[in-house]
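Asker: Residue strings, one per chain:
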Amino acid sequence: MDIANLVQKAKKGNDEAFEQLISSVRPKLYRTAYSYVRNEQDALDIYQETIYKAYISLKMLKKPESFQSWITKILVFKAIDFIRKESRHFSTDDEKIFAELISNENVDYIAHSMDLSEAFKFLDPKYKTIILLRYYHDLSIKEIAAIMNYPEGTVKSQLHRVQKELRPILKEGYIYE
Amino acid sequence: MNKENFNQSIDNIDLPLEKLLAREKAAMSQAKKMRKFGRTTKHSMLIACGLCITLFGSGFVSSGMAAVLSNIPLIGPIYTEFRDIATDKIEKDQLATVIEKQDSHDGLTMTVKEAAYDGGRLIVTVAYSGEKALSLKEENVGYNYVTINGEEFKVAIGSGTQRPINSKTTIEQHQFTLAKYNEYGDKIEVAVHGKDLFGYKGKWGVSFPLEKIKGEIHEFYPNVKTKNVNEVYTLTADKVTFSPLSTRIDVTVDYPAELDENDRWKWFDFSVVDNNGNVYDRLKLQAGMAGNYGHHMVLALPPMDTIPKSLTLKPADINSERYREDIKELELVVPLQKTK
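Residue numbers (UniProt numbering), protein chains in the order written: chain A, 1 to 177; chain B, 1 to 340.
Isolated chain A, as found in the complex (with noise of 0.2 angstroms):
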């Protein structure tokens, strides 16, 4: 499939080449909206959210082959944005924020459970997303501060902390940074 040729047509007005480009992330968009809010109904509103957005703002891609992660950021910054009016927060979007939402409470109840899948249930929005973006849709650092808006140094040592205190539970696959 050609994604690029795809996202040339479907900026035209080509509806099928956009179900096209939908079709080839439709799996790991859902299931990545899923693993925030645990729950299908949820995970499709947030699913359908970004797909209206994806589609009136498709002209403003600049890079047609970075559909994927384009999408996938819109998406991410729904889910978190999802979470944060369930939880009757106001909506900020800081750095201050996200250091405090790694705190050593969290990390250190991840370091004590034994299963990862598990305790990422309770990891917090922000900090799900950098695994999510790292591990399942295989991004790189350097893209994910493009998604996250975030400086590179910073991605990289949360991600830093997040490896060492998850060490034995990663255990074989560990990627060093």
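Heads up, some of the hints might be wrong.
Residues of chain B clear of chain A, computed beta-carbon distances all greater than 10 angstroms [what the hints assert, rightly or not]: (1) Glu100; (2) Asp106; (3) Lys168; (4) Lys187; (5) Tyr221; (6) Asp238; (7) Val253; (8) Tyr255; (9) Val273; (10) Thr312; (11) Lys328; (12) Glu329.
Computed footprint of chain B on chain A, listed as stretches where at least three residues anywhere in the stretch have a Cβ under 8 angstroms from a Cβ of chain B [what the hints assert, rightly or not]: (13) 16 to 29; (14) 34 to 46; (15) 54 to 66.
No wet-lab data here; the hints were simulated from the structure.
Just so it is clear, the structure is predicted and the values come from calculations on it, not from any experiment.
Just so it is clear, CB atoms sit at the ideal spot from N, CA and C, and this is done for glycine as well.
Take the given structure of chain A and dock chain B to it, following the hints.
Answerer: What follows is chain B alone, placed relative to chain A:
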């Protein structure tokens, strides 16, 4: 446990294919409606006026072409994006008042698009458009605030959410549930103030009169209370108000005064269920405190066309194992039969 196992655990999540396809169709259909709406607006104003032109680009307007400010309310797609508890009602009954007043200077235009007020809630939608790209960096974004009758007002629940349209335009919606219901009466003077916004230096201000939405208001004073088995917390449902923009429940939370010190009182997480089994939580329930500390809680649910026979308040707390746990002893059934 390793990366592959982690990924496998995500890939094991069931894929509801038919539902996903249906949602995709709905999303595309909704997007096309918005696209059609935008183009219609542009053409009608070009024919009718041709004078009031503001850059209000969108993803589906070709670059270099300026869309025209319209007197048609931006309901529907815009409100859906903001997910307020009254979104559906506002859209269905067209409850918002078109304001379309702006303050424009030094390269930035602040336009108040619409507003809605029912005595207990105020919703204001503002559009910002700049000659150059808007800076969203924390140090540049500036601040804004809303006043009623020239003064800042007390709120139980408030939020401001932005939705960028493109690099030069963003829409912001302010949603407030007032601390004291109907404190300001039927007519108010609202003003939106901004300073040093989005990288542009200066002050902006738009003021406008606003009348309460004409609609039925029903008030109930159930005065029912419950008590925890350890006699620390008591909840009393003082009042339930059904108005066009919300269903409001005023709850008194009694607890020992010493818990006010350092805010050690509990903020319970509520869900509400009516006698028909309809559940109000997450996006269908907002919660806040009116006044200091945690003695006066306000729960705001979506507006209801049909008043249920009762509402059951179900508070919950996070237990020692980090799970959300209902507190059965504090569940409170609020009958809605008598009016004062």
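Asker: Determine for every hint whether it applies to the structure shown.
Answerer: Taking the hints in turn, this is what the structure says about them:
With 10 angstroms as the threshold on Cβ separation, the claim that glutamate 100(B) sits away from chain A holds: the shortest Cβ distance comes to roughly 23 angstroms. Distance to chain A confirms aspartate 106(B) as a non-interface residue, since its nearest Cβ pair spans about 26 angstroms, more than 10 angstroms. Separation of lysine 168(B) from chain A is adequate, the least Cβ-Cβ distance of about 12 angstroms exceeding the 10 angstroms criterion. For lysine 187(B), the condition that its CB be more than 10 angstroms from all CB atoms of chain A holds, with the nearest at approximately 29 angstroms.
With 10 angstroms as the threshold on Cβ separation, the claim that tyrosine 221(B) sits away from chain A holds: the shortest Cβ distance comes to roughly 26 angstroms. For aspartate 238(B), the requirement that its beta carbon stay farther than 10 angstroms from each beta carbon of chain A is met, with the minimum near 21 angstroms. The claim that valine 253(B) is not at the interface with chain A holds, since no C-beta of that chain comes within 10 angstroms of its own (minimum 16 angstroms). With a least CB separation of 20 angstroms from chain A, tyrosine 255(B) remains clear of the 10 angstroms interface cut-off, as annotated.
For valine 273(B), the shortest C-beta to C-beta distance to chain A comes to about 17 angstroms, beyond the 10 angstroms cut-off, and the non-interface label holds. At roughly 20 angstroms, the least C-beta separation between threonine 312(B) and chain A is larger than 10 angstroms, which holds for a residue marked as non-interface. Chain A leaves lysine 328(B) outside its interface by the beta-carbon criterion, the shortest separation being 23 angstroms against a cut-off of 10 angstroms. Under the 10 angstroms C-beta cut-off, the non-interface status given to glutamate 329(B) relative to chain A holds; the minimum distance is some 23 angstroms.
With 5 residues having a beta carbon nearer than 8 angstroms to a beta carbon of chain B, the segment 16 to 29 of chain A meets the requirement of three or more and the stated coverage holds. Against chain B, the segment 34 to 46 of chain A contributes 5 residues with a C-beta closer than 8 angstroms to a partner C-beta. That satisfies the three-residue criterion, and the hint holds. Requiring three or more residues with a Cβ within less than 8 angstroms of a Cβ of chain B, the coverage given for the segment 54 to 66 of chain A holds, as 6 such residues are present.
Of the numbered hints stated above, none is contradicted by the structure.
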